[in-house]
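Peer 1: For reference, the chains in residue letters:
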Amino acid sequence: MTSNMVEDLVEREYAFGFHSDVDTELAPKGLSEDVVRLISAKKDEPDWLLEWRLGALRHFLTLVEPKWPNLQYPPIDYQDMHYWAAPKPKPQLASLDEVDPEIRATFDKLGISLDEQKRLSGVAVDAILDSVSVATTFKKTLAEAGVIFCSFSDAVREHPDLVRKYLGSVVGYRDNFFAALNSAVFSDGSFCFIPAGVRCPMELSTYFRINAAQTGQFERTLIIAEEGASVSYLEGCTAPMRDENQLHAAVVELIALDDASIKYSTVQNWYPGDADGKGGIYNFVTKRGRCAGARSKISWTQVETGSAITWKYPSVILQGDDSVGEFYSVAVTTNYQQADTGTKMIHIGRNTRSTILSKGISAGHAQNTYRGLVKILRSATGARNHTRCDSLLIGADCGAHTFPYVEVKNDTAQVEHEASTSKISEDQLFYCRQRGLTEEDASTMIVNGFCREVFDELPMEYAVEAQALMRVSLEGAVG
Amino acid sequence: MSVTAHAPIPTERDERWHYAPLDEINARMERSVAPCGDVPTSVTPMLIDAMVGATGARLVFVNGMHTAELSDCHQLPAGVRCDVSNTSGGGGPPVATVTVDEGVRFEEPLRVVHVAVPDADAVKSLLSRARTIIELGTDAHAVVVETFGGLDGSRASTMTESSTTIRLGDRAELAYYRIQIEALDATHVGHTLIDQGADSSVGMTSVTLGGDIARNAIHVHLDGPGARADLAGIAVTGGHQRHDTVVTIDHAASRCTSNQRFNGVVDDHGRGAFSGEIVVQPGTTGTDAHQSSRNLVLDPNAEADARPWLRILADDVRCTHGATVGRLDDDALHYLRSRGIPLVAARAMLIDAFLRNVTDSIAHEAVRAHVAALVTSAASEASEASTRATRPAWPVEHP
Amino acid sequence: MLHIANLYASVAGRTILNGLDLDVPTGEVHAIMGPNGSGKTTLSNVLSGRDGYDVSGTVTFDGVDLVPLAPEARAAAGVFVAFQHPVEIPGVGNMYFLRTAVNSIRSHRGLPELAAVEFLGLAKEHMARLAMDPAFLSRSVNAGFSGGEKKRNEILQMSMLEPRLAILDETDSGLDIDALRIVAQGIERLRSPHRSMLIITHHTPLLDDVQPDRVHVLHGGRIVRSGGPELAHELEADGYGTLPIGVSG
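Chains as they are written, first to last, in the working numbering: chain A, 1 to 479; chain B, 480 to 878; chain C, 879 to 1127.
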């Protein structure tokens, strides 16, 4: 990498770093039973949910933050942040036309129009600003198909039995430190229910935006696909540029019953901090799906370009016989970003199959870690896994790490893991340049090619967006 | 004498001990007693011959004590020495030292043999500490076979805690074989540290067959530019054995290459684990590092674990790793049987073939034959155990 | 010698052999021809005792019921199958493999095992007849062999194991003219009044060199037509399409 390219890298811009002047209601800083009660009261929650939150809080207070991730960051003071921030006044919308114009403008700037007629692509959006759902589009169209797609708060009010049945059934609050924290203080999120036999008529999408300062963001997403149902779901995330670090600790639970299929795609572009590693989002996310039914399928696709710190392992519990789990990931870290991400595939049912494809790109002073577990339990006769993890290094000061665990307790299982780490091929670069491409164009092209198999798993329009995002993320870093 | 590479057993959670039953090892360590007294009469020169499959230069230790009457280091050429020295301070165990001076090339295997023999009368297991230092000067060349053998105990068992330190001068070349064939009720905690000078080369083959709990940690420090390490290993894990192989290759200099090929077979209630880690340090260039872990699971009660890690902190690298866990190939098994080869023999042939790429690459012919015989016999035992356990698809009867 | 009656075989719930009847008397060479998907390879798999098929019906060899027997027991009884796609077994040396097979079968016949030197002499003799390089013996079983080498290796095994019934599954496929001639000569040499052969093929060239006593047409998992050697040429001229079949299912 030439020196002026390093300078370009330093000057790299985060395109979504603006801040919106939305009047915000904040809870006092700190974490306590009072704060949990306040959040629950603000949302007018039933008693069982408050008790569940308090159970999570009490459990959380017994835990210490995990130290095993390959991540370096100063201690987080969990008492020095707000656990509730909401745009004021709390929207109780009769129609989308009532969305606060400032919020509407915010999402327009992000390219997420809340006007249904402007959404040519037929994608329903749940827009979440600082943990509170501000608008959900296409609710009516979806309702006609029997699909419930709404904010988590609405779901608690309107479908309490479903929420109570499934909340915490995949990621219990005892699961890990950040899941416990989220369970205590989660503010909102998306809820999605596809009844038996229904193919969701459009892509569902949640757009997360952090706006308020010194505020943690804790959403909870719950997606249930009943027998034979299918859905494709996408989440996107951005945040303003701030010098401080902000905590984001979300939980996503997916449940697929017999013959159901859920495809969950993420384009994560939280603010990554500046070129010196100042600021940025700390992204500690627990995502897990349960293939509860026979022949069910859960597929995770993620393009991770943002956040100062990423800690997430979208996983699948393959419980139903013949169920399928997939994980496709591109994780790009530049400057001082750190990512420790991967997946867990837990094979329980017979003839369960899983595929893992991970592409890590590390540039600047970044550290990029793949961490994965493939576990074949005794009951998983005929289980199969194939894993491929490739890492690309750009520049001599970054790191790429691959930490897989393979545990096989069944003598009929077939598990294959392969991984490689290298820098961009000089031969490929030379070939492209000899054909007239600039070094940077050649590099971007090669990096995109390196990620192609993962982009191919994204819904079409997002694949284009992901490639564009890659180009922006790597601007100046490649070469 | 300088300090050996003794790595203490951790008392709390340590990622390098992820698959080792650490609590059990510590408990056994606490329950063991140090040996005292004479060499048991059961250990004869013939027993040692059988254990190492050859006669020739050797240093023999029984329960950690050097046994001169079983050793033979007299006819070595100038510049090649096998000695015993005491650790400084005198409190520690005696140290086997194998030294080859600068520029000396010696092609005959030098053997260090550690035999663990339980105390026939005692109920407590005996703890032996084995210490070996192998030092090759600049341009030196040697072949060293280190064998850990043992005898079954009537009531008590044995525990061996071993540490081998290998230092290679610039351009030195060492073929090192580590053969662990301890008793099936023994505990073995081994640590090998290899420190390599510029353009030096080590070819290490590790064979793990014995022990009830056995851990084999190998740490290679590629300290000089252009150093090369080729590591291969076999572990056959049956009964209720737990084998844990942990390899770390630390690329601390530029232009170093490393290659790892480890094959594991687990059957019965055995649990075999391989943890490999390639570390490439910042500032190095031209690194080429490869690792493969292949595992065969023969029994529904067995478990194979693999943890192939890469920790890369420089960009001019070509690193790969691969891990597979699977079973015997049905098509191959059918082919062999259709030619009249009985099921047990056919399975043994395939298990042996699975391990063959490691044994075949042993350069020294006598050592290769010895290791191949050990492995073939282990494959055959594994086949018998797993064939018994698995209901055959067809009744094996003849008209 | 080989008697098959009402043989059904299915795999994963799909029936492939559908009431097949066939008799091959001692000393005769029969050919089974049929289009792709007619069940030819399933027949050879079922006769060799391949796992994974649900089998019902009668298969006897010299009066012995083959169906419950393990593959090696069938081999010991004298049934040999030359496979269409011989599997590659890296790590198992050809010589070691062949000697173990020969000695396993010899011990079942009450013959003494061959010592290494005797075996090597015998193997070299057989290999010379098949124009095989002695270096074959030091390679792994079929590993990295060309298609022709694999087929020759099958014929080598057949000639050394001296079966009483040889089943050749598409042994001619993928061979060039020279290899085909060597393989055909190898088969012809093994022809004997004490040995029966079942040649499974969908081409006729091999049948020019190895003249069958009877030709059967397999379709839809059963024999739909049988005749003399002229039937093969009739099929060559007219193809399978003109056959009065329509009995599938």
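No wet-lab data here; the hints were simulated from the structure.
One or more hints might be untrue.
Claimed, not checked - Stretches of chain C that chain B covers, calculated by requiring three or more beta carbons in the stretch to come under 8 Å of a beta carbon on chain B: (1) 947-960; (2) 968-975; (3) 1107-1118.
Stated by the list, open to error - If you want the ones that stay clear, here's a sample from chain B, every Cβ over 10 Å from chain A, calculated: (4) Pro489; (5) Gln554; (6) Val563; (7) Thr578; (8) Pro588.
From a predicted model like this one, the values you see are computed outputs, not experimental measurements.
From the three backbone atoms N, C-alpha and C, an ideal C-beta is built for every residue, glycine too.
Peer 1: Can you name, in rising order, the numbers of the hints this structure does not satisfy?
Peer 2: 3
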